[in-house]
Each structure stands twice: as structure tokens, then as C-alpha cells.
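*Asks:* Note that the working numbering has the sequence shown beginning at 1, numbered continuously upward.
Think of the hints as simulated: they come from the structure by calculation, not from any bench.
There may be inaccurate statements among the hints.
The calculated label-pair distances, taken between Cβ atoms and stated as ranges, are [said to hold, decoys possible]:
1) GLU358 x LYS95: 51 to 61 Å
2) GLY237 x ALA30: 22 to 32 Å
3) GLY337 x THR307: 51 to 61 Å
4) LEU59 x ARG263: 39 to 49 Å
5) ASP143 x ASP67: 33 to 43 Å
6) HIS135 x ASP114: 19 to 29 Å
In silico lysine to aspartate or glutamate, DMTMM-like type, Cα no more than 25 Å apart, as pairs [said to hold, decoys possible]:
7) LYS61 x ASP114
8) LYS175 x ASP130
9) LYS299 x ASP281
10) LYS170 x ASP145
11) LYS299 x ASP310
12) LYS95 x ASP67
13) LYS170 x GLU98
14) LYS129 x GLU339
15) LYS172 x GLU115
16) LYS95 x ASP130
17) LYS92 x GLU81
18) LYS61 x ASP26
Backbone N, C-alpha and C fix where the C-beta goes; we use that ideal spot for every residue, glycine too.
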Amino acid sequence: MRKGDTSMNGYFDYAATHPMTQAALDHYVAMAKGVPGNPSSLHTHGFIAEDYLTEARRLVKQALGLDMLRGKLLFTGSGSESNYIALTSLRKRMKGSEVITSWQEHDSVSLLLDEWEAEGVIVHRLKLKDGQFDHDKFLHLLDRDIGLVTFQHVNSDTGWILPLHNILCKLKYKKVLLHIDGVQALGKIPVSVDGIDAYSFSAHKVGGPKGVGGLYMERLLPPPYYPGHHQYGIRPGTIDVPGISAFVKAFTNRHENRTRHERNFLAFRAILKEKTSSHVDWLEFDDQSPAILSFVSDKRDGQWWMTELDALGFQVSAGSACRAGQNGPNRMLESLGYETSACHGLVRISFGEQTTAEATAALADAIVTLARRVEHHEQTFSR
């Protein structure tokens with residue numbers, strides 16, 4: 001077992017996982033002790049657990065601006081599982097035979113679509129055009145036999161935000177199903193599920209427990225596995241009521257304080273850019289999540305930066321945690337047109353509730369120190 005500094009002062013990888021908030025942790029312990037029943041059991045403890053589950057669904061829907069009669073809310077084991085259930089179930093409902101997605105999707109989506117392609121499904125993958133969503137290409141593809149569109153709401157590597165409203169306008173009179181991967185969006189930017197057939201999210205991205213995800217369905221979807229009795233017959237297995245309730249505690253707190261967090265995150269971004277912009281190339285977009293800021297290095301790969309910063313006491317990432325350890329080029333950077341050397345050089349910094357201005361300034365100083373070391377090395381060995 002590795003040992004080291006377990007403080008969160010230098011932690012800047014909240015997009016990979018946000019440690020459980022104290023409120024969520026306290027709530028989880030209280031629920032695990034006080035609500036032991038199975039919500040499927042037909043006795044007092046089961047009814048109590050079912051009441052808490054119903055209240056959890058109500059609170060999530062309320063935060064999304066929905067009433068209890070609107071749509072169905074399914075709880076899963078992760079955001080990745082939510083994506084799998086959504087896509088596998090929606091495939092059974094597709095009217096058309098082709099799919100539109102992008103090159104920069106999460107692996108839980110892109111790898112599943114690779115399997116579909118192997119089975120004969122035509123999958124169209126859009127690239128960004130000058131850092132923007134390619135609306136012309138999207139409109140052109142909609143003239144084909146499209147049955148499903150699936151996009152990430154907030155890109156997990158760069159924080160780029162999908163122009164969801166414009167996409168919904170283009171789909172308004174089409175018989176096309178829409179799935180949105182909202183794992184990096186929920187609790188961090190304003191979210192509306194109007195016009196969306198399925199919206200995925202995850203608990204541990206907002207300070208809830210790991211092992212809990214969710215899926216909003218505008219209409220009940222067919223089961224992806226086999227018919228069962230739990231959760232509308234879609235997902236078999238005993239429901240983790242304490243975990244779900246703790247997620248809702250974290251999410252509702254995050255939702256209520258989103259404006260304050262956004263203000264703090266924008267201040268942290270400003271600190272990083274002011275102190276380091278002459279040394280690294282920051283990725284910025286017209287519409288970007290305040291919680292994620294990434295830079296690109298063509299002299300060292302992202303793994304090098306991650307390791308060196310970790311040695312200095314700062315935890316960042318080289319992209320989505322689900323691709324950690326993989327050596328392939330970053331798909332988002334490829335989509336943006338970066339050279340191959342730079343496509344391995346993404347460094348993602350992400351903020352959370354425990355991030356401070358002091359720690360951010362110290363991280364900026366560490367980035368400058370490493371950047372100067374790289375510059376000195378390049379100058380020395382290029383003579």
C-alpha cells in the first residue's frame with residue numbers, strides 16, 4: 001500500500017473524482033445505520049427505505065426543474081453504467097439505422113459504439129471546427145437515416161460545453177433519439193433535460209459516494225439486460241438507498257451553491273492563467289465549464305507533467321481517469337487539429353469545493369518551475 005501526504009491541499013483532479021463532502025459522508029453513515037431496509041421489502045423497514053428513495057428522486061427532479069410525474073429517474077452503479085443502459089436501451093427504440101456522436105466522447109460511449117460498428121451500425125463521429133461544434137456537418141448528417149444522437153454535455157478533458165440548445169432546435173422535428181452524457185455537467189453548469197430522451201450522471205463527481213450513478217429517462221426505456229422487478233424492470237439488483245441519499249445530499253448542496261463555486265473557480269482559473277500563460281498553452285473555448293482548465297505541452301507528455309507535479313505535491317491528470325495509463329493520442333486534441341506530439345501532452349486541472357486560491361497559486365508556481373526546466377533542457381540539448 002502506498003503511503004504519503006493524504007491532505008487535499010494540492011488536489012486538482014476533481015473531474016476524476018470529488019471526495020465525499022462532509023455533509024454527504026455524515027448523511028451516508030446516518031442512513032446506513034438508521035435505514036437498513038430493502039426498498040423492495042413489503043414491511044415497515046422496506047416501506048421506510050422506499051420512502052427515502054422516492055424523496056431522493058423528488059429532490060433530483062426538483063433541482064432539474066421537473067415535477068414528480070415527469071419522466072423516470074433510474075439509479076445505477078456509475079456514470080459509465082448509466083451511459084451503457086441509456087445507449088443499449090435507446091438502440092431498441094431507434095427508428096433510423098445510423099448514429100451521430102463525436103470523436104471526443106468518454107470511453108464508456110465510444111467503445112460501445114465501436115462494438116456497434118463491428119455489428120454493422122453506421123456511426124458518424126463529428127470533429128470540432130475551429131474549436132466550435134460543426135453545425136453544418138451535423139445538419140448535413142441529419143438528412144441521413146439517423147436514429148440516435150449521443151454527445152457529452154461537458155468534455156471531460158477540456159471542459160468544452162456542448163451547444164445543447166442549438167442541437168435541440170435542429171432535432172425538434174426529427175424522429176431522432178437524443179442521449180446526453182452529463183457526468184461532468186450536473187451540479188457544475190446549468191442543466192435542463194427538456195427535449196432529451198436520456199441524461200446520464202454520476203454521484204462521485206459532485207461529492208457523493210462512488211458506486212452510484214443515475215439516468216433520467218423522458219419515457220420509460222426497455223431493459224438493456226433482461227426483464228426484472230427492480231427500478232421499472234430496467235436494472236436488476238438491490239438498490240443502495242444510503243448511497244443514493246448521500247448523493248442527493250451532495251448534489252442538492254452543490255446545486256444550491258453553484259453560483260458561489262463558479263465564482264471561485266473562475267478566480268482560480270485567472271490565477272493560473274496570469275502566472276503561467278507565458279509558459280504553457282491553455283485550452284480555452286467560448287463556452288467552457290469553470291471547473292476544468294487544461295493546457296497542452298508539445299515538449300513533454302501529460303504523464304510526465306502529472307508525475308512531476310505529483311512529486312511536488314500537486315495531483316492533476318493527463319485526461320479522463322478512464323483512459324489513465326493508455327498511450328494513445330488525446331481524441332479531443334486530435335479533433336482540435338493539434339500535431340501528434342501535442343496530442344500526448346494534455347494536462348487537466350480541475351477544481352472542487354476544497355480548492356483554495358493559495359493552493360492554486362502554488363500550483364501555478366510549480367507549473368512555471370517545470371516549464372522552465374523543460375525550456376532549459378530543450379535549449380541545452382538543441383545546441
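*Asks:* A separate judgement is required for each hint: does it hold in the structure or not?
*Replies:* Verification of the hints:
no., hint, in the structure
1, GLU358 x LYS95: 51 to 61 Å, "holds (55 Å)"
2, GLY237 x ALA30: 22 to 32 Å, "holds (23 Å)"
3, GLY337 x THR307: 51 to 61 Å, "violated (27 Å)"
4, LEU59 x ARG263: 39 to 49 Å, "violated (24 Å)"
5, ASP143 x ASP67: 33 to 43 Å, "holds (36 Å)"
6, HIS135 x ASP114: 19 to 29 Å, "holds (26 Å)"
7, LYS61 x ASP114, "violated (33 Å)"
8, LYS175 x ASP130, "violated (29 Å)"
9, LYS299 x ASP281, "holds (12 Å)"
10, LYS170 x ASP145, "holds (15 Å)"
11, LYS299 x ASP310, "holds (18 Å)"
12, LYS95 x ASP67, "violated (29 Å)"
13, LYS170 x GLU98, "holds (17 Å)"
14, LYS129 x GLU339, "holds (16 Å)"
15, LYS172 x GLU115, "violated (29 Å)"
16, LYS95 x ASP130, "violated (32 Å)"
17, LYS92 x GLU81, "holds (17 Å)"
18, LYS61 x ASP26, "holds (23 Å)"
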